[in-house]
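Visitor: Sequence:
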Amino acid sequence: MSSSHANALPPVGRRGRPTQPTVELLILAAPMIGMTVSRMLMGFIDFAMVSQLGTAAQAAISPSALLLFTIACVGMGMAQGVQTFVAQADGRGEPWRAGGYVWQTIHIALLATLGSAPIALFTPHWFPTLGFIGQHPADVQQMEIDFLALALWSIGPMTACAGLESFYNGIRRPIIGLVAVLASLAAIWLGNWVLIFGHLGFPAMGIAGSGVATVLAWCVRLAVLAVPLFWPAIDRRYHTRRSFRPSAEKLADIVRVGGPVSVQWLVDIGAWLVFLELMMPPYQKAAMAGANLAIQYMHLSFMPALGVGLALTTQVGNAIGACQPDQADLRVHVARRVIIGYMGLIAVVFVLAGEPLSELLCFEPDAVLRASVISASVYMLLWSALFQMSDAMCITYSFAARGAGDTRVPAVLFFVCCWGIFVAGGYSLVWLAPQWGFHGPWAMCALYIIVLGGLLWQRWRSGVWRTIQLFKAEPVAAVIAPAEGAPLPVGAQLDPHV
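Here the sequence shown is numbered in our numbering, starting from 35 and rising by one per residue.
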């Protein structure tokens, strides 16, 4: 193992300069942050262009897109498990293992396509039940059906993209994923412009055109991500051309690590759906609008932090694969400082500038209602500021645990805290303590994140992750190294014999 120790990154504080690991993290995270932020823009483009069709279309697109993502996240979360195996294989000095794992995510995507096909085909039959439960107006419901019946065909490409992006993140080539996301943004804008409104000789399809554009955009993204798999340099190191066959063992590995990630996604999305659809409506329109407004600003806080978390997953995986758990712990401490620093700054902004921020996005013409929405949003941003630091802990330690392959217990903690405190507690206060107003559910939200952050920190601190072994055999030559041709991490040198 001498090579692994020789190639270890310098400890924080060497020569009194703790910047090298931080710079390494930020360089790796920058494209991933761009990816997470760009994903937000994809939904915004859809919303902005469909909204031009009228109020009914505007009311239909957001819940439809959220339902589409909820169904897709089952396969997408699972496919993300590949990042852990790829990063650890690279750290072990056995990068050729990675190709077989990334191809299993393509097979998962094929299964997702087969599973979602009946859902798409029979959308007009099953969706009216949801529309009845949610009391959707007839015109809104029809538009939701028109969109989903077509957009649901994107689930296969969405799953494949999640796997391929995770592969490139794991081998320290996130710029490929960023390019793919930017290409998909251009594709969905062009597709919407052509198909929604009927340009370039195409018929105007309305919101159904947005459904087609969604499928096309994800296919463009998949095509951009697939091409580098066949590059000679990537194939030489990761065997991506020759490892395409299904492998029950590798597939089971990905499901074992990625399955709990899917659960976390479902738990989180489901909780916020309940929050917006069941907890806020009893407090009337101002609270509902204020909550939506506050959540838009919360995206600016946690989306960039998720990009840093993705980079941390790769770093932890590399270090553990190289049999250097102390280096993994070091990277976690560095990432925690970065994420807490950023989200702490956002918390200060929420406290000091909550009112002007709320005024910026509130377009209500009625002066009385506008004042109520802004007032509600300001209070909600204060609640959000309260749990920003704890949310930073949640992001840091959940992504660190993912890099170590420790996903089952964190998923259980997410479920218990999210639905036991946030959903059950928040919904109970709506009816048991109506005098608290919307502060009751928001207080439960803050409590949930604070408790979860502490539990995830304690889980990492326990050191259980040090005992997890994803690969049975000892590594051939452990080394923390990026992909061939990629820039080296600051302070690291490749072993020329690997």
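Simulated from the structure, these hints should not be mistaken for lab results. All values derive from a computational prediction rather than experimental measurement. Every residue gets a Cβ at the ideal spot worked out from N, C-alpha and C, and that includes glycine. Hints may be right or wrong, so weigh each one.
[Unchecked claim] The calculated EDC-like cross-link candidates involving lysine to aspartate or glutamate, where the alpha carbons are at most 20 Å apart (straight line), are:
(1) K319 x E389
(2) K319 x D269
(3) K506 x E128
(4) K319 x E393
(5) K319 x E398
(6) K506 x E283
[Said to hold, decoys possible] Listed next, with one range per pair, are the computed distances between beta-carbon atoms:
(7) G488 x S96: 30 to 36 Å
(8) F81 x V57: 34 to 40 Å
(9) N326 x L216: 23 to 29 Å
(10) R290 x V57: 32 to 38 Å
(11) E311 x A172: 17 to 23 Å
(12) L144 x N326: 33 to 39 Å
(13) V57 x L466: 21 to 27 Å
(14) S281 x A387: 21 to 27 Å
(15) S462 x L100: 22 to 28 Å
(16) A286 x L334: 43 to 49 Å
(17) S462 x F278: 49 to 55 Å
Visitor: Given the hint of 17 to 23 Å, check if E311 and A172 actually sit that far apart at their C-beta atoms.
Guide: 19 Å, holds
Visitor: Sort out whether E128 lies within 20 Å of K506, counting only the CA atoms.
Guide: Distance of about 13 Å is within 20 Å: holds.
Visitor: Measuring from beta carbon to beta carbon, are S462 and F278 in 49 to 55 Å?
Guide: About 51 Å separates the Cβ atoms of S462 and F278, which means 49 to 55 Å holds.
Visitor: Take a quick look at whether K506 and E283 sit within 20 Å of each other, Cα to Cα.
Guide: Given that 20 Å is the threshold and the Cα spacing comes to 12 Å, the pair holds.
Visitor: Determine whether the Cβ-Cβ distance between A286 and L334 falls within the hinted range of 43 to 49 Å.
Guide: Distance hint for A286, L334 is violated at roughly 38 Å.
Visitor: Given the range 21 to 27 Å, decide if the beta-carbon distance of V57 to L466 lies inside it.
Guide: 51 Å, violated
Visitor: Assess, step by step, whether the Cα of K319 is no farther than 20 Å from the Cα of E393, and give holds or violated.
Guide: Holds - the C-alpha atoms of E393 and K319 are around 16 Å apart, at most 20 Å.
Visitor: That 21 to 27 Å hint for S281 and A387 (C-beta), does it hold up?
Guide: About 52 Å separates the Cβ atoms of S281 and A387, which means 21 to 27 Å is violated.
Visitor: Under the criterion that the straight-line Cα-Cα distance not exceed 20 Å, is the pair K319, E389 satisfied?
Guide: 18 Å, holds
Visitor: Given a hint of 33 to 39 Å, does the C-beta separation of L144 and N326 actually sit inside it?
Guide: 36 Å, holds
Visitor: Is it true that S462 and L100 lie within 22 to 28 Å of each other by Cβ?
Guide: For L100 against S462, whose Cβ atoms are near 24 Å apart, the range 22 to 28 Å holds.
Visitor: Can the suggested window of 32 to 38 Å be confirmed for the beta-carbon pair R290 and V57?
Guide: Since R290 and V57 have Cβ atoms about 34 Å apart, the given range 32 to 38 Å holds.
Figure legend: structure checked against the earlier numbered hints; hints not met, in rising order: 2, 13, 14, 16.
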